[in-house]
Amino acid sequence: MTSATSPTSTTPVTTPARTSEEAAGGIGSSPVRPDGTTKVRGEFAYSSDLWHEDMLWGATLRSPHPSARITGLDIAGALAVPGVYAVLTHADVPGVNRYGLEQPDQPVLAEDVVRYQGEPVALVAADHPETARRAMERIRVDYEELEPVTDAQAAAEGKGPAVHPGGNVVRHVPIRRGDPRATADVVVTGTYEVGMQDQAFLGPESGLAVPAEDGGIDLYVATQWLHVDQQQIVAALGLPPEKVRLTLGGVGGAFGGREDLSIQVHACLLALHTGKPVKMVYNREESFYGHVHRHPAVLHYEHGADRDGRLVYVRARIVLDGGAYASTTGAVAGNAATLGVGPYDVPNVSVDCWGVYTNNPPCGAMRGFGAVQAAFAYESQMDKLAQACGLDPVEVRTRNAMSEGTVMPTGQVVDSAAPVAELLRRVRDMPLPAGPSGEPDLRRLPGGVSNTTHGEGVVRGVGYAVGIKNICFSEGFDDYSTARVRLQAVGGEPAATVQTAACEVGQGLVTVLQQIVRTELGVEQVTVEPMDTSIGSAGSSSASRQTYVTGGAVRAAALAVRKGLLGRVGHVPGELSVSGGKVVSTRDGVLADIVDVLGDDVLEETVEWRHRPTESLDPETGQGTAHVQYAFAAHRAVVDVDTELGLVKVVALDCAQDVGKALNPQAVLGQIQGGSAQGLGLAVMEEIQTDGGLIRNPSFTDYLIPTVLDMPPMNIDVLELADPHAPYGVRGVGEPPTISSTPAIVAAIRAATGKPLTRVPVRPEHII
Amino acid sequence: MRLNVTVNGEPKQADDVWEGESLLYVLRERLGLPGSKNACEQGECGSCTVYLDGVPVCSCLVAAGQAEGHDVRTVEGLADGDTLDPVQQSFVDAGAVQCGFCTPGLVVAAHDLLHRVPDPSDEEIREALAGNLCRCTGYEKILDAVRNAAATS
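Quick mapping for you: the protein sequence lines, in order, are chains Y and B.
Just so it is clear: in the first sequence, position 636 is 636 by UniProt numbering, and no numbers are missing.
Just so it is clear: in the second sequence, position 113 is 113 by UniProt numbering, and no numbers are missing.
Mixed in with the good hints there might be a few duds.
Stated by the list, open to error - Chain B stretches covered by chain Y per the calculated footprint, using a threshold of three residues with CB under 8 Å from any CB of chain Y:
{"no.": "1", "region": "33 to 45"}
{"no.": "2", "region": "73 to 79"}
{"no.": "3", "region": "109 to 121"}
{"no.": "4", "region": "129 to 138"}
For the record, the hints were derived by calculation from the structure and aren't laboratory data.
In this text, a Cβ means the ideal position worked out from N, Cα and C, and glycines have one as well.
With the hints as extra help, turn the sequences into a complete structure.
If you want it as structure tokens, here you go:
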């Protein structure tokens, strides 16, 4: 158990006292991140910073229509522009012109139809980005516009034209538990909507493709999973895997938005075609078209309970709009369905979730991945139930809270800590912020320095929410990571290197991997090598899984190296360990310096590590042990609402989360704070607005994300209830805080206004 | 066109600059200074913040020609050799850096704030950094970093 931060604290307070066995900078401490200094100096090489002698700039011509037939395509005008080196269309894709994370349904470049606004149609390589832009204006594409399919609900019901030959249902996930006809004394129903959220990572999609002498390609790119990119690129280019080599460029945030391909195949095509290095960088507008978003959702819920507020049944129908291509819609639907009743013990469950195709922007992974949408609905329902039963919102939740041993709606037994009630009690018992007193500071009021109120019409509200997330990949996926650890003497000191293909996207994985090696090898100097495809896959930096899975792989490799090292000492009395650069015996203390045991030799081990397997869901009943691990966070939000103008100021956003084991307490807090902020964004401001399939706000002027003025101070309680199945007991950290933050804030706005607020983001017109 | 500009104390010259290029583009693509970042290129995110004649500006909104003959200081010009500026060191120590894409702009904005207001209140820090978007940290540790830098410098 680590302690809470106070809003005014200036130093991290969760750093526990280091025990004598722990290596300096090992697990449980918060050493500075190895890339921190280069990042503050402006010297860290992001993928958009890459440069090569003689390089060209690539650009992408995109469809202006959400649905159209392409009846003509003429590139001659563009080719005639001085400084243009290549103009490519689907006819120039040498391999299979299809890719996709779950199913290859998306063309690298459109053929005869376009299915969303922004779909790539042609590529240009030129000597200057402006030359490329002007050349794109000279590509003539003839479109026959079609009526776009934009109604996801109708798509789920099989109505309307099919966006793809197989129909518009990407996946239907039913979950059935107990009595489907159960009845209850208290019944609450509601229909909820979640708008389309954007990951809004700051570093734009970008990369540099360099043609190689062997006819292959070297691609430097910002991504979340190098090997799944490589697989898709290989298929599109028609090259063997060894000729498509990827290295991670510096990544400016991801949050799910870099799971799907963006520039990868395009840059490689242009580079192979021109024989020159090609750099591609999206601008912010193009970025809104160039990656998938969080699925918008419509969720119909019915909760039945006894008069004491104990749940008897939950029935739900959830429709997720996947847009034009499948991306990860199937897995998102699986999550929304299996986690659809929330962290509660419910004997009778009937959930149906559909992920569908439309001609809206493609949707896929974003932090929280299906759990976010469901949580807004089930937590809104829990507040409704509390009201119907005359109960406090925390009380109704704790009465129904799941715990270790609970059977999920899928039949899966929860076999590690699930402190749902405890998390709720902790946020409830945190100190509340002071109310307004004296002359109000405009900067603390809704509307801020816009000077829209001096406190008149402002009402305070408090709301609670708790959420659940699966950690790691689910439903039988072979989810593994590969790690190589090397130990040798360098300049008379023991030094370790760790190599993986796991993408550092900002979360601090590079620090955690160093910490693990320090702890297991007793060596302070640990270097993390660049991430590339010269080693086996690490899986995705998604699903809050890298510390668990790649952390597990690195630990296993380090333990194998340690075994080799101690084996060289031979048989001596006592148990051997390594610490502070020395080999230590429990009986005789320090036996030798590690460097002396090593001599000139290098010890190296490579390990492929898997978490325990999961099962697929029964397609009729949704039964199956589908998830590796469950994680939980709870929030309490305090808001001030200007009830005359509908403006909201979030005054406090407090959080309690169980992380199993905080390998790096400072980074854990950073994840909770950042995740909570993204939940705040979805609650009150963030939505990609579409109209007839067209995006109306593809810019940071019109798509708002929280600023430092929007984000309140947070009290945070971090619990460390070890999961015995996970390395070090860790429980994934990144996603849970994004899930409960949104419904807690909306509950607080409801408490202040009495309005039903069934849609996020909440807008002023919903309040007044 | 040819552009003459002083960057981080050194006179620099760039040739064949297209008139539509921004100061940000010239710094990043022509002068080998990619530290200033290109997150929105429309003045909303602050990632490209540099000093222009001592005043912080979004370099994406400054036409390169407007910088002709002027003095620019970028994030690359804040440290004294191997010694980080106190603001930079505080960002590293406080955990204010995750993906780091917003960091150069925030470091310059915070550097400017502490130059003007050596001991800012939380409200003053928030107001000064309101033009800089960060998507990773939720800002809490950035506030810690600025408070620490104010306390130690």
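- Item | Numbers of unmet hints, in rising order | Violated hint: only 3; rest satisfied.
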